[in-house]
Every structure is written in structure tokens, then in C-alpha cells.
Amino acid sequence: MLKTMKTIPVFLIFVAVVLAQLFVPAKMIFDQEKVISKGTAYKFKTAPVDPSDPFKGKYIYLNYELNSAASTDSTWVYGAPIYLSLATDSLGFAKLHRISKDTPNHQNYVKAKVNWYSAHEKTVTFSLPFDEFYMNETKAYDAEIAHVKAQRDSVANNTYALVYVLNGRGVLENVFINNIPIAEYVEKE
Amino acid sequence: MKSKFIDELPVLVKNQVISEETASRIRAYYNSQESDSPNKLFTVFGVLGSLLVGLGIILILAHNWDDFSQTLKTVLAFLPLVIGQILAGYTILKRKGTTWNEATGTFLFFAVGSSIALVSQIYNIPGDLSVYVLTWIVLCMPLIYLLKSNAVVMLHIVFSTFYACSMGYGFNPPTEAPWWFIVLLAFVMPHYIMMLNDRPESHMVSIFNWLLPLSVVITLGAFLERHGELGYLMYVILFGLFYNIGKLPIFDAQKLRRNGYLVLGSVGTVVMLLIMSFNGVWDFEWTSELFSSRAFFMTLILFGMSLAVLMYLNSRQLLQWINPFHYVFILFTLLFFSGMSFGLAATIFVNILVLMLGLITIKTGADKFHFGILNYGLLIITALIVCRFFDTDMSYVIRGLLFVSVGIGFFLTNYVMLKRKKSAVKTNA
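Protein chains in written order, with the numbering used here: chain C, 1 to 189; chain F, 1 to 429.
Simulated from the structure, these hints should not be mistaken for laboratory data.
You may find that some hints are simply not true.
Okay, the calculated bits of chain C under chain F, using three or more residues with CB under 8 Å as the criterion [to be verified]:
#: 1; segment: 18-24
#: 2; segment: 27-35
#: 3; segment: 124-134
Glycine residues also receive a C-beta, built at the ideal position from the N, C-alpha and C atoms.
If we strip away everything but chain C, and leave its shape as in the complex, we get (with noise of 0.2 Å):
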């Protein structure tokens, strides 16, 4: 009797801990459903390279052609947010239309970290947060060298991301290759 009287609390905070478990991934599950259901889905032009991760496997990281702005501002400490307010340039690709230290009142931003400010260039670098791309582990390195070929072989960069933008957050859907989505471009070759 005692015994039972003891499992059961005990079994409780299991179960508490249990849904804990299950919360976090479906937590991180939801918030990127939103952002994809809900977002504006922008191209940014970018060169894939290909580390890899101990658990979550190989991906490629993403090299963003869109890595710096224009700033007289030389208060730019590295790690510190910088927020990135999006349009679209007249070939559809993502571009900056203005940066700032606070929250912008719209939706269409992505929150940055910088990297350095140069005052030299009066320029100030950042990184985007959505900078890994998954793919299976065969496909990875080979994406890296279909990139360099498809490089060659046009004139402009023709790798983009696509990514969806909700207050600040990003979800990177997927990469494309002359429009292709990588993967399949991999395959191809």
C-alpha cells in the first residue's frame, strides 16, 4: 500500500516531464508552420558549402549574398540584434530596405546578428539567422559542387533560398538551383 502510494506522485511528474518532452519539438514544429503559413516568402541569392552537424547530419551553409548594409551608426557591437526590413528588387530577389536597432512596426523583418562594424567602409556586416540547409548525406558536398558549376556555366548568381519572413523570423523552405530545387538539381547531374 505504501509502495503504490508512493508511485504515483512519482508517476505524475513522469507524465509532466513526459509532455515537457513532447512539447519542445512540437513547440518548434508550430512556430515554423506559422511563419511558413503566414509569412511573405522572399529569394535570397546565396552559395551553398557543406559542413555537418554531430546529430542532426549534413547540410549545407549558406553563404547569403545579402551580408551587409550601409551605416553611419558605429555603435554596431558583435552579437547584437539587428533588424532587417525586406522588399523585393524588380527581379524578385530580397533586399534591404532599411535596418534598425529596434522592432519595426510591420511584419516583413528578419532579426540579425552582427557580425563586425567596419568604419573604415561604413558598412556593417550581419549574418542571417536561417543559414542551414539539411539534405541527405550523399547530397550535401555534391550540392557545393553543382552551385560552382551552375556558376560557371551563367553569368549571374543563379542559387537562391526561399525563405518565408514573419516578425523577424525566418523559415528557410527550401534551395533552388536555376529554379530547380537543389536536391532534385543534385540528382540531376
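Please arrange chain F on chain C, whose structure you already have, making use of the hints.
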């Protein structure tokens, strides 16, 4: 070992070394011990199995099966987690015992990690490795007490260390110290203290006696930011703390190989002092900013903790004033803050300090007839001389003579002690 001893019993009885009654009592004792051991083996295999399966699942899913739909991948992300949770829940409800607790705990630990990793993979969620590992550990923390699983405690300590290192020792300057590490470590303390009180002789306790101080030694550097010079002082104080903890009755009563605090504290102190015995190291920038830094604050706390343990030892009359390992951290702290301006004097003093530690260790070894301690003392002095070998402008002849004399010292001290031990055995006989 045990069975060999039992085999010997009839011979001992026959030769009237022990009585039949004593023999049967010895047999009964070992039989009662034996019923426990196959269970232990099962537990070890259960944990190893879960560990391998858990890691295997992470790797298989990390392959990224892009033929699967996103929904199927998401289901696969949750599947191991749910299986692990059901197994652990069943174990708790049915009170399945240690083996089940350890095995399901280990499996669930890895299932939690794999589910978060996989969701990040499916949705391309970037993020710091340290944040990911921290989330993972925090979600599994309660299992330590719910399942009373030592395997989970070990994983918890190892992964907490990994978290602190990946946050604090990065290529980029860390913006914050891994403060969570302290919380994570404090969380296992009640479990550890309970085990120390209940079963101080168990293997698990001796594993923790090594794992905990090692984890702190590895992690301490991750808390330093700009004022790296305080790191030297922090480590000397930390090793002093460990040495004094190792001298607490509960640890000092144990065998040396089970007392990680004492061994790490002693060896760590010697290594740190040897580093500081080079004159070039004492080239610090001495700014007032240092006294308001995080590192200085942490040094103060560490010093306070070491002093508290030392005073406790003193109040219980366990402090041997002849043994400078106890309080060398105090001498070094005084020296450190004075040595900032008198580099050379500090260097000489540290050299004398190491020499003193070596000599007193040799004396302790000789008094206790302990060859291990004796040679450890000789090793300290040898290390000091090797360091000076590379350091000073002494002539080759003098250095050569120094080495030869220490080498002879090794032979002589060991020989003299061996003789004394033999004569002591003779007089006892």
C-alpha cells in the same frame, strides 16, 4: 578471485588453519554477495545496449531520408521518443527495478535528443549546438530522480560539460558564460550526497568521485573571458579546494584510486605551480578593471569555498600543518597579487614552493613506508628540474650534475626505504 578463495577453504580446514564453522560462514557470506552480481551485469549490458541503440537511431535519422515525406519524417522524429516514454512510464508504474530503470532512462535520454535534432533537421532550424544540448539536458534532468538512474546522471554530467565547453571555448569570443552549468551540476548534488551517505563503497560513487571534479576542471576555463591571467589563480584555488575536499573523512577513508578529489587536487596543484615556475608567465597587465571583472568575482567565491573547507578540516583537527598541499592555494593567492609587480621574486618563490611540496611528499612517503608517495615526491622534484633545464642559462655541466644527483637520489631513497621496510618486517616477525 572469490571462487578461488572458496576452493581453498577445504584445504584450510584440512590443515586446521580455520575451523569448519568459520569455513561455512565464509561460504555463506560470499553466497549472499553473489546473488547481487548477475543483476549488476544485466544492468551494465542494458545500459550499453540502450546507449548504442539510442546513438544508432540518431545516426540513422541524421542520414536525412529525402524520399520520405515531411509528415513521415516528423512521425519518425517522435516515434523513438514516445517508445522511450512508454517504456520508462511502465518501469515506474510496475517498479521493474534497477536494470529497467537504467536501461529505459538511457534510451529515453537519447530519444529526447534525437527528436529535437530531427525536428531541427526537417525544418532547417539553425541554432547553437550549446542551446540544443542545454534544452536536451534540461528536458531529461527530472529522470535522475524519477528513475533513480545512475546512467542518466553520468550522461547528464558528460553532456553538461559538453554544453559548457561548446559555449565557452568557441572560436568566437563568448558573449556569456555557461552559467547553466552550475545549475545543472547543483541539480545532481542531492543524488550524489545521498549515494555518498548510503553506499560510499560502491563503484558508482567512485566513478562520480572522479567524474564530478574532472567535469569542473574541464569547464572552469569556459567561464573566463578577457582576464585570462586570473585563470592561473582560479585553477590553483580549485585544485586546493579539491585537495581539501579529498581530505574530508568520507573521502579520505577510501582508497586513493577511488578519491578523485585528492589525486586531481594534488597533481593539479603541482602542474599549475610548475607552469607558474617559468618567469615568462608572470608577465601580466595589471589594471584596476580586473577587480570588477567576472573572473575576479568567481575567484573570490572559489577562494571562500576552499577556505571554508580548510577551516572545517581545522576544526575537526584533520588539518596537518606540515602538509602544504592543504594551504598552498592561500600562499599562492598572496603571491599572485604581490607578484604582479615583482615578477622575478614571485618566480623564485614558486620554485621554492614546488621544491618544498616535493620534499614533504618524499618525507610523508618515507614515514608511511609508501613507495607510491615517495616516488611521487621525487617525480615532483624531477619535473621541477626538467622545467629549469629548458628555462635558465645554467651551464651544461651544472645541469648535468643536477640530473645525475637527482637520479642517484631516486635510487638511494628507494633503496634505503626498502631496507628499512625489510628490517621493520623482521622486527615485527
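**Hint numbers not upheld by this structure, sorted from lowest to highest** = none
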